[in-house]
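Starting from the given sequences, assemble the full structure and let the hints guide the process.
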Amino acid sequence: MVRLDLKGLSPRDVNRKLKELIKTEEEIEVVNTHSIHNFATALVGQGKITLHGSTGFYTGGFLEGPTLIVKGNTGWYTGDNMLAGEIIVEMNTGSNAAPSMLGGTVVIRGNSGSRAGWGMKGGNLIVCGNVGRWTGKMTLGGRIVVLGEVGEGVGESMYNGVIHVLDPAAEEKLGGNVKVAPIDDKEKKEVESLFKKYGIEVGMEQFRSIVPKIYGRHEYKLFKPTHKKGGQA
Amino acid sequence: MCGIAGLIAKDSSNLGYDLINMLKQLIHRGKDATGVAVYEDRDDIQIRVALTAQQYQKDLEEIIERHGSISNSRMYQGEGIFTFYEASLGVDPERITQLNWDIDTHPELCVHSLGRHIKVYKDQGSAEDLRKRHEMPPAKATHGIGHVRLATESVENINFAHPFVSYIHPELSLVHNGQFTNYFNMRRKLERMGIRFKTNNDSEMAAHFLAYQMKEKGIDLEEALYLALDTFDGVFTLLVSTAHQIGALRDRLGIKPMLFFEKDGGAVLFGSEQICLTPIVSDVYATEMDPGGVMTWSV
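Chains as they are written, first to last, in my numbering: chain L, 12 to 244; chain S, 45 to 343.
Please note: incorrect hints may appear among the correct ones.
Here are the in silico distance ranges between beta carbons for each label pair [what the hints assert, rightly or not]:
1) S:E200 to L:E37: 46 to 54 angstroms
2) L:G114 to S:R240: 54 to 62 angstroms
3) S:K233 to L:K190: 53 to 61 angstroms
4) L:G210 to S:E200: 33 to 41 angstroms
5) S:E179 to L:G64: 30 to 38 angstroms
6) S:T196 to L:K190: 37 to 45 angstroms
7) L:K197 to S:E200: 56 to 64 angstroms
8) S:V325 to L:D195: 41 to 49 angstroms
9) S:K102 to L:H63: 57 to 65 angstroms
10) L:Q217 to S:K184: 50 to 58 angstroms
11) L:L32 to S:R232: 55 to 63 angstroms
If you are wondering where the hints come from, they were derived from the structure by calculation, not from laboratory data. Note that this is a predicted model, so its numbers are computed, not measured. Ideal Cβ placement from N, Cα and C applies to all residues, glycine included.
Shown next, in the form of structure tokens:
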């Protein structure tokens with residue numbers, strides 16, 4: 012195990028150091044994170060990195076292989092374009108968690124903001140808390156699991172992939188081109204094994220899936236903005 | 045990019061500094077200029093003006109004395125070339141609008157705030173620079189808004205920095221994150237109504253638009269914000285403050301961020317990012333405002 016103190020280091024220095032350390036070290040403990048941006052972006056290798064603190068934007072973008080455990084919060088675009096490996100956020104994340112993710116697993120133990128899993132192409136995103144609006148927007152593949160409440164427009168314009176939800180009111184918050192379907196046995200088993208791996212204790216009975224109405228390329232209507240009050244000047 | 049912050053904290057004696065601490069966390073969203081508008085619990089009329097050079101103090105005081113009396117004036121140098129002038133005025137409230145415009149027509153002077161309750165401190169550089177250069181006399185304050193600027197729309201000049209005020213509604217201030225794509229059309233429309241502009245910044249248009257709707261048309265802040273939502277084009281998040289209210293507006297696509305958190309006991313915090321709430325409340329989960337949303341809080 013090696014300890015890495017980020018005090019006084021720029022994100023570029025940190026990532027350079029991490030790249031060196033991951034070649035030889037199995038476990039890296041990171042302290043004084045001070046909401047660093049771009050932590051472990053494009054990091055390739057095998058190993059476990061534990062951050063004792065919160066991070067800023069683009070944590071673990073293009074991550075390929077390592078396990079990242081953040082003991083605090085993360086900012087926007089956590090796991091952006093992630094390729095393989097794991098990111099486990101013990102608290103909350105900002106908006107756009109795991110956008111365009113290609114593989115690996117992101118687990119958020121707290122809440123996440125809007126557009127979680129936006130344009131995902133593969134891998135798994137598990138949010139134990141609530142998510143904001145437009146979860147899984149324009150998703151091309153992969154799996155999103157939300158244990159808490161989902162926001163408005165869930166699955167807006169999905170092309171492929173699946174969102175498993177527990178929220179009983181999910182029907183009222185669907186986006187365009189998606190429907191609610193029962194979860195099948197194969198999916199149940201896959202999600203169960205994920206839950207087991209990350210120590211999430213939730214029964215599978217109440218889960219439902221949100222899937223596209225039409226898979227692949229399709230025409231979709233632009234959503235209409237809602238006018239609440241007022242008019243033209 | 046730009047970052048905005050706001051705070052409602054009844055009876056705070058260091059609200060201005062609290063706001064600056066919040067803005068300090070948003071330094072990565074811009075450090076061309078930083079500004080705060082603080083609403084104090086007092087009834088006299090105070091003025092804050094930026095002068096391009098000290099020699100224009102005479103001109104400024106001459107203009108003010110045409111409308112009323114000056115007391116407790118002070119002058120100090122800002123972070124850049126600008127000198128700041130601050131004073132309490134004995135002016136008929138009816139004449140504030142005229143006085144504000146008389147000062148603004150002088151090319152070397154720019155009113156940062158003029159009215160009851162409101163005080164706007166804005167200067168070039170980061171929140172740290174603002175704190176270092178501008179001493180905020182302790183006073184009981186109720187609420188305020190702040191802004192860090194990354195100049196994308198107009199020149200890097202502190203008179204073009206936020207918060208913006210409007211001479212039409214002396215107690216209104218506004219901070220904006222985003223761009224108005226129909227700025228020129230809106231400006232022409234407002235100018236035809238007789239509204240005069242001091243800067244070429246698109247956010248000034250928003251301040252005048254809202255001030256005009258509220259003062260001339262007599263509608264309340266919430267209605268004015270709904271009207272703005274239908275009228276403005278582009279991406280924008282606005283925080284608007286009057287003497288007794290803070291209103292927030294977010295565009296329909298939700299491009300620019302806006303978070304808020306209501307603390308027990310009536311305090312409300314606003315910010316572009318979660319991290320800017322941490323100097324006041326550590327580790328809470330703030331609510332993201334809905335796209336196309338309008339919200340108002342009474343102070």
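Evaluated hints:
no., hint, result
1, S:E200 to L:E37: 46 to 54 angstroms, "holds (49 angstroms)"
2, L:G114 to S:R240: 54 to 62 angstroms, "holds (59 angstroms)"
3, S:K233 to L:K190: 53 to 61 angstroms, "violated (45 angstroms)"
4, L:G210 to S:E200: 33 to 41 angstroms, "violated (52 angstroms)"
5, S:E179 to L:G64: 30 to 38 angstroms, "holds (34 angstroms)"
6, S:T196 to L:K190: 37 to 45 angstroms, "holds (41 angstroms)"
7, L:K197 to S:E200: 56 to 64 angstroms, "holds (59 angstroms)"
8, S:V325 to L:D195: 41 to 49 angstroms, "holds (44 angstroms)"
9, S:K102 to L:H63: 57 to 65 angstroms, "holds (59 angstroms)"
10, L:Q217 to S:K184: 50 to 58 angstroms, "holds (52 angstroms)"
11, L:L32 to S:R232: 55 to 63 angstroms, "holds (60 angstroms)"
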